[in-house]
Each structure stands twice: as C-alpha cells, then as structure tokens.
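Engineer: Numbering (the working numbering), first residue to last: -19 to 126.
It should be emphasised that the hints constitute simulated quantities derived from the structure, not laboratory data. Some hints here could point you the wrong way.
Computed list of lysine-lysine pairs in BS3-like fashion (alpha-carbon distance at most 25 Å, straight line) [said to hold, decoys possible]:
1. K97 <-> K56
2. K104 <-> K15
3. K15 <-> K97
These figures come from a predicted structure and were not determined experimentally.
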Amino acid sequence: MVLKGIALPFGGLSWDNNINEKDRIQFLFTYLESKRVLYDPSEMERKEWCITSVLEIKSSLVEINRDIKISTESLKVINSMIDTCNNFLNNVNKQDSSGIIYNNCPNDFELFYQSMKKFRDNMKYAIEYFERVYNIKFRKELSETW
-19 MVLKGIALPF GGLSWDNNIN EKDRIQFLFT YLESKRVLYD PSEMERKEWC
31 ITSVLEIKSS LVEINRDIKI STESLKVINS MIDTCNNFLN NVNKQDSSGI
81 IYNNCPNDFE LFYQSMKKFR DNMKYAIEYF ERVYNIKFRK ELSETW
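Please model the complete structure; the sequences and the hints are all you need to start from.
Structural biologist: Written out as structure tokens, the structure is:
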C-alpha cells in the first residue's frame, strides 16, 4: 500500500491499494503452504483437524477477490478450488470415524483416503495453473499419497 494523502486538522490517512491479481495469488500460495493438509503425508491424522484446515482454506478462497478484480479464468479456478473443498467436506463427513485415522488401516478409512487424495490432486491442478499463468512458484511439494 502507498500513502495517498493525509487529512488535516483532525487527521486521517488515505491509502492507495496497489495490490494486483498476481500479488493476491502469491499471498494465497503463502497461505496454502502453511496448510499441512495439502502436503504432509503422515502415519496418523485426525479427521477433525483436516476438516478445520479445509474450512479455513475455503474461507480464504471465498474472500480472495473482495477488494480486487480477479480475471474470469482465475476466478473459475478459484471456484473449482472452493468446490474441491466442499466435495472433500461432504465426502469425509460420510466416514464414520473419530479420533486418529491410521495410515496403515486402509480398509477402515478408505473413504477418507480417497477424499484426501482427490482433494490434493484437484488443489495441485489449480496451483499448477496459477504457477503457469503468474510465473510464481509454490514452495511445498503436495503429497501424492493417502
């Protein structure tokens, strides 16, 4: 942001919001890189933690264009990411489990594993799209396993 003006005598600042679409997508990448649900294959997972993380991702995606214009193509990809979050949440809630989900018990948690894999695959596709379009790099390696 750039300071645009100062109002006197009572004070007040006016800011010029120079954030563009590429900046916003870079911020999204930084945010997504903090979400271990995308890249951390582990031996044990808590369904509740995954759900919370995906809800947070969805919330940030919904807000991404609140103050800047996003191109139609990028908005389509963002909407597909939101759909991916919704699909994951719908599917994982069908899994009748609580507590820790163990990676070495695939029959017990097959629906969870399938939902997680599809979620990560779809998010990877969207991230790769933004990498190509904006020439920016996603620093984390999205996990192929679950």
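Engineer: Given the hinted pair K97 and K56, is their Cα-Cα distance within 25 Å?
Structural biologist: At roughly 21 Å apart (the allowed maximum being 25 Å), K56 and K97 satisfy the hint.
Engineer: If you draw a straight line from the CA of K15 to the CA of K97, is it 25 Å or shorter?
Structural biologist: Answer holds: K15 to K97 is near 15 Å, not above 25 Å.
Engineer: Against the 25 Å threshold, does the CA-CA distance of K104 and K15 hold or violate the hint?
Structural biologist: holds (13 Å)
Consistency with the previously given hints is maintained throughout, with no hint failing.
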